[in-house]
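J.: Going line by line, the protein sequences match chains V, X and Z. When the letters of the first sequence are read in order and numbered with our numbering, they come out as residues 1 to 204. When the letters of the second sequence are read in order and numbered with our numbering, they come out as residues 1 to 431. When the letters of the third sequence are read in order and numbered with our numbering, they come out as residues 1 to 309.
These aren't lab readings, by the way, just hints derived from the structure by calculation. What you are looking at is a predicted structure, and each value in this text was computed from that prediction instead of being measured. Among the hints, a few may not be true.
[What the hints assert, rightly or not] Restraint ranges, calculated between C-beta atoms of paired labels, are given here:
| # | chain 1 | residue 1 | chain 2 | residue 2 | range |
| --- | --- | --- | --- | --- | --- |
| 1 | X | L427 | Z | R303 | 32 to 40 Å |
| 2 | Z | S291 | V | A59 | 52 to 60 Å |
| 3 | V | H185 | X | G353 | 51 to 59 Å |
| 4 | X | M306 | Z | G34 | 23 to 31 Å |
| 5 | V | I63 | Z | D1 | 31 to 39 Å |
| 6 | Z | R263 | X | W422 | 29 to 37 Å |
[To be verified] Which stretches of chain Z does chain V cover? Using the computed rule of at least three CB atoms under 8 Å from a CB of chain V, they are:
| # | segment |
| --- | --- |
| 7 | 138-152 |
| 8 | 197-210 |
[Said to hold, decoys possible] Below are the SDA-like pairs computed for lysine to any residue, each with C-alpha atoms no more than 20 Å apart in a straight line:
| # | chain 1 | residue 1 | chain 2 | residue 2 |
| --- | --- | --- | --- | --- |
| 9 | X | K264 | V | F48 |
| 10 | X | K264 | V | I40 |
| 11 | X | K264 | V | G44 |
Heads up, the beta-carbon is just placed ideally off N, CA and C, and yes, glycines get one too.
What follows is the residue order along each chain.
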Amino acid sequence: MSHPHPELPIGPDGAVVNHPIKITDELPKFIGAPLNWISIAMMGIVIFSGFLMACTFGAVVVIRYGFGGDLFAYEEWLLAIGIVGFFAGAVVASERQAHIRADVLGSAITNSTAIWWRNFVVLVIELFVTLFIVYACYISIADDFSFPRLRATPVLGIPFVSWRIAIMIGFTLMAVFTAAYLYVHIRKGLGLPLKSDSAKESKK
Amino acid sequence: MIVTVSLLIVVGMLLLGVSVYVAFGSVLLFIALVGDQGVAGFLPRGSEGLRSLVLLAVPLFMIAGAIMERGKIAAPLVSLAEMFIGHIKGGLSAAAVLASGVFGSISGSANATLTCIGGIMMPHLRRANYPEGTSAALIVSAAPLGLLIPPSASHILYGWVAQQNVLRCFLSTVIPALILITLLIATNQFLLRKVTDLKLTDRPTPFIPTFIGQGRLAGPALMMPVIILGGIYGGIMTPTEAAGIAVIYAIPIAIYYYKGLTWKTLAETVGRSGITIGVVLCMVFMVLIVSDNLIAQGAPRMAQQMVYTISENPIVILLMINVVMILIGMLMDDISGMLLATPILLPIAQSTGMDPIHFAAVIGVNLGMANITPPTAPLLYLGAQVCDVSVSRMLWPTVIFIVFAWLPTLMLTTFIPELALWLPDLLLSGT
Amino acid sequence: DVVTLRFAGVFPIDHQGTKMMQQIADEVAAADVGLNIDLYPANQLGSGEALFEMVARGNLDLASAFIYADTDPRLEFLSMPYLVGGWDDMDNIMRSMESEYNKILQEITDEYRVHVFAQNPEGFVGVVATQEPANWNTLDDKGMNIRVWSSTLVRSMMQNKGYNTTTMAWGDIFPAIQSGIVDGAICCTKTATYNIFAQSDVGTHFVEYNSISELTSYYASQRTLDRLTPEQVEVLQAAMTKASDEFFEFNRTSDEEYAQRLRDRGYTILSLSEEEMAVMINMVREEIWPSMGDSIGHDIVDRLKSSLE
Ligand code: NA
Ligand code: NA
Numbered sequence: 001m002s003h004p005h006p007e008l009p010i011g012p013d014g015a016v017v018n019h020p021i022k023i024t025d026e027l028p029k030f031i032g033a034p035l036n037w038i039s040i041a042m043m044g045i046v047i048f049s050g051f052l053m054a055c056t057f058g059a060v061v062v063i064r065y066g067f068g069g070d071l072f073a074y075e076e077w078l079l080a081i082g083i084v085g086f087f088a089g090a091v092v093a094s095e096r097q098a099h100i101r102a103d104v105l106g107s108a109i110t111n112s113t114a115i116w117w118r119n120f121v122v123l124v125i126e127l128f129v130t131l132f133i134v135y136a137c138y139i140s141i142a143d144d145f146s147f148p149r150l151r152a153t154p155v156l157g158i159p160f161v162s163w164r165i166a167i168m169i170g171f172t173l174m175a176v177f178t179a180a181y182l183y184v185h186i187r188k189g190l191g192l193p194l195k196s197d198s199a200k201e202s203k204k
Numbered sequence: 001m002i003v004t005v006s007l008l009i010v011v012g013m014l015l016l017g018v019s020v021y022v023a024f025g026s027v028l029l030f031i032a033l034v035g036d037q038g039v040a041g042f043l044p045r046g047s048e049g050l051r052s053l054v055l056l057a058v059p060l061f062m063i064a065g066a067i068m069e070r071g072k073i074a075a076p077l078v079s080l081a082e083m084f085i086g087h088i089k090g091g092l093s094a095a096a097v098l099a100s101g102v103f104g105s106i107s108g109s110a111n112a113t114l115t116c117i118g119g120i121m122m123p124h125l126r127r128a129n130y131p132e133g134t135s136a137a138l139i140v141s142a143a144p145l146g147l148l149i150p151p152s153a154s155h156i157l158y159g160w161v162a163q164q165n166v167l168r169c170f171l172s173t174v175i176p177a178l179i180l181i182t183l184l185i186a187t188n189q190f191l192l193r194k195v196t197d198l199k200l201t202d203r204p205t206p207f208i209p210t211f212i213g214q215g216r217l218a219g220p221a222l223m224m225p226v227i228i229l230g231g232i233y234g235g236i237m238t239p240t241e242a243a244g245i246a247v248i249y250a251i252p253i254a255i256y257y258y259k260g261l262t263w264k265t266l267a268e269t270v271g272r273s274g275i276t277i278g279v280v281l282c283m284v285f286m287v288l289i290v291s292d293n294l295i296a297q298g299a300p301r302m303a304q305q306m307v308y309t310i311s312e313n314p315i316v317i318l319l320m321i322n323v324v325m326i327l328i329g330m331l332m333d334d335i336s337g338m339l340l341a342t343p344i345l346l347p348i349a350q351s352t353g354m355d356p357i358h359f360a361a362v363i364g365v366n367l368g369m370a371n372i373t374p375p376t377a378p379l380l381y382l383g384a385q386v387c388d389v390s391v392s393r394m395l396w397p398t399v400i401f402i403v404f405a406w407l408p409t410l411m412l413t414t415f416i417p418e419l420a421l422w423l424p425d426l427l428l429s430g431t
Numbered sequence: 001d002v003v004t005l006r007f008a009g010v011f012p013i014d015h016q017g018t019k020m021m022q023q024i025a026d027e028v029a030a031a032d033v034g035l036n037i038d039l040y041p042a043n044q045l046g047s048g049e050a051l052f053e054m055v056a057r058g059n060l061d062l063a064s065a066f067i068y069a070d071t072d073p074r075l076e077f078l079s080m081p082y083l084v085g086g087w088d089d090m091d092n093i094m095r096s097m098e099s100e101y102n103k104i105l106q107e108i109t110d111e112y113r114v115h116v117f118a119q120n121p122e123g124f125v126g127v128v129a130t131q132e133p134a135n136w137n138t139l140d141d142k143g144m145n146i147r148v149w150s151s152t153l154v155r156s157m158m159q160n161k162g163y164n165t166t167t168m169a170w171g172d173i174f175p176a177i178q179s180g181i182v183d184g185a186i187c188c189t190k191t192a193t194y195n196i197f198a199q200s201d202v203g204t205h206f207v208e209y210n211s212i213s214e215l216t217s218y219y220a221s222q223r224t225l226d227r228l229t230p231e232q233v234e235v236l237q238a239a240m241t242k243a244s245d246e247f248f249e250f251n252r253t254s255d256e257e258y259a260q261r262l263r264d265r266g267y268t269i270l271s272l273s274e275e276e277m278a279v280m281i282n283m284v285r286e287e288i289w290p291s292m293g294d295s296i297g298h299d300i301v302d303r304l305k306s307s308l309e
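Next comes chain V alone, as it looks inside the complex (with noise of 0.2 Å):
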């Protein structure tokens, strides 16, 4: 893949940016908490869907020629498994701001307020649209319970709307954590400091 890694978030100038904060210790200690446990439990599901995907395909092989035979119709709960991985990513990718930007703009801003309103606007429109596409996928959802009968994969009958439902949950919780860092910039913006500072502070 052709960008750097989500833990080593690359400046403008090349420098790593010294990953900033823990976004869940940031918040009101009522949203933080639940918020850390809902990221750990992401990256619980991203784990294990990845040591699932690899196994699986291991004793698709493995039982075509050791025993002859077939696994059949493992595309559909290992499909429905994975698209819950590639979300649960997903969110994770959201707590710790790791999604890609292309920022060419970066290097050209120098002046601290002009970065801010940059920032800014870039998290109030990352907000606005996922919060849009959640949107999307609740009235796509509600139309899926509108048909006779639900959608569903033909051999094992896994209802489509299972991992739609989680790919709706994923883009919420991805809007939850985009407001969170937007909760923390507009506290940096009125000069408010970091949790994080002043525990350190603190403990001097």
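Mind docking chains X and Z with the ligands on chain V? Use the hints.
T.: Just chains X and Z with the ligands now, with coordinates in the frame of chain V:
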């Protein structure tokens, strides 16, 4: 009208710095506001597009690459390349190019290649007095080789979108990759012509035992592409299954042979790849919906008309296609670029008589080159950090490598179809 | 003012199926009833699985594609094996919109607000193989592994015929047969076998089991039709019916033509005698049909059975 504004929105949003998935999402918002397509169609299109076994090859190759990357396989590959040509002037940097090609084939990731090979080679090159900027630029320019040397996830995707035989797509970029390797090394030799104080390594003596020792270290890593490609071309598994086997092979190799990973760090590695996968597939999800809506608005027909009003000369048309692909590649990663460019540009290319397998090679070289072309050159910035050289010192040599190695490779690949088609025709009869 | 309809298809650009779509668009435009059709062939707007959902939701007006059972398990009756035995049966049962077969289909698609204009059976799907299957004309073990698609019905039928089966997505078939992962596939008509496999020197045998017909339908969103005048709907229906008639004649002729082309390419076409065929048909009607009742409904199976008598 809708198509033009949509493209302007994507470019504008990307320039502003919003995430790629949001840039495409804003196009959907625009289409929902002005178009006649209801928003209820978005989710089914994206989710059913993702529900393809072929697409699973992408995340699996990413995981396999990440495991091999963390498994410390780069060092033995570098030593192996070095012992053959390290004693020649410029040989050490040529070894970096070869090692990038081999490592890229295994990992499939330009970033991983750059991080691992750059991290190991740069200190060597520095100690041997190789010029910093040029060497770092060379390593950066060689990093996308893995996209051209099979197996490659983006070609699996291309085969899927363009309904082409993946086995042939894989082979289409092998000769262009060899040309690129040759040109990169030649250009570098030219840049080194006035450098006189290089410290050359000694040719190892006795050669054969050293070779066997190094070969044994590198062997299990080198076996990975052999097993994958052998399995695919030998009729044992499909490309998607092979991607799964790659992961299963990489795990014990990384843990027990190279001892670069433990079971705990393995889980971390899979988790981290999972984030990258989430990022990429979230973009793919959006790109699938957007490209469908653009097609429904007649984008391919419009693009074709526009191109043909400028010129009906096939050479000019192919050049224009290349320019568009470079622009696409400058703004997004290879997977999304492939998904967006293929349905719109392939029909135009085919109208000039271009073979879809030939187009697979052209798009592959294009998107590889776009990764290192400023201003949006993620690999250049990563390279600066990995090699600890400032971007400004790397910029000029990078441009030289683009102009004298990448661009000629792209032109040769575009205008000599045999470079892409000869190998697939030779190895896979017919089609 | 002119109403523009979107018409999506799944055939490649130069396929006869796409040419017929073009003909429909041309005739509708020529009728000058304020109706215009834009074509989106070659899966441009999505695969056949996706198109039905788009039409049902009103996001797409017209489609030329197979109607898959993932919308509704009852729809699997469309691929009921040995429901038709030859080209005349196809004409009378699958193409006649008055047949019980199409009455059942229309009843089901009505629930999704989808109207079926015409049916396009293209020919029987056979087994493409890279070697002659042992005992190919009986139900005994064939000693070979063939690809089937994800359908319990097709899988059990092929297993009852003595094949080992591997489920595989459509996109994997060609590389899988070419590289030898499977020894063959139940997948294609003779025309498709020639275009996809024989032209590339892949495969050597084609077994005519004549069990399942390749089928696509011309269907429309009822939401769209409700917006049109009765005259416009009539023009659409007429163009679709005419295209369907011509497409069927074309397919019937090219089936013979492509049998010859396959032989010219060195293929062997294996055809069962009437007695051998009767054994297969009996097996399917006694073992496969009853089990189909569980998913598609016994009433549908019974209605089809009695319509055949
Ligand atoms: Na590769
Ligand atoms: Na670029």
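J.: All hints are to be evaluated individually against the structure, with a verdict given for each.
T.: Hint-by-hint comparison with the structure:
Between L427/X and R303/Z the CB atoms are about 53 Å apart, so this pair departs from the stated range of 32 to 40 Å. Checked against the hint of 52 to 60 Å, the pair S291/Z and A59/V fails, with Cβ atoms roughly 27 Å apart. At about 53 Å, the CB distance of H185/V to G353/X agrees with the hint of 51 to 59 Å. Between M306/X and G34/Z the C-beta distance comes to about 29 Å, which sits within the given range of 23 to 31 Å.
Evaluation of the 31 to 39 Å hint for I63/V and D1/Z yields a failure: the beta carbon distance comes to about 60 Å. Against the hinted window of 29 to 37 Å, the Cβ-Cβ separation of R263/Z and W422/X comes to about 31 Å, which satisfies the hint. For the segment 138-152 of chain Z, the assignment as covered by chain V holds, since 4 residues bring a beta-carbon within under 8 Å of that chain's beta-carbons and 3 suffice. Restraint check on the segment 197-210 of chain Z versus chain V: 0 residues with Cβ-Cβ distances below 8 Å, three needed, restraint violated.
A distance of roughly 13 Å separates the Cα atoms of K264/X and F48/V; the hinted pair therefore holds under the 20 Å criterion. Our distance criterion of 20 Å between C-alpha atoms is met by K264/X and I40/V, whose separation comes to about 16 Å. The hinted pair formed by K264/X and G44/V meets the criterion: a straight-line CA distance of about 13 Å does not exceed 20 Å.
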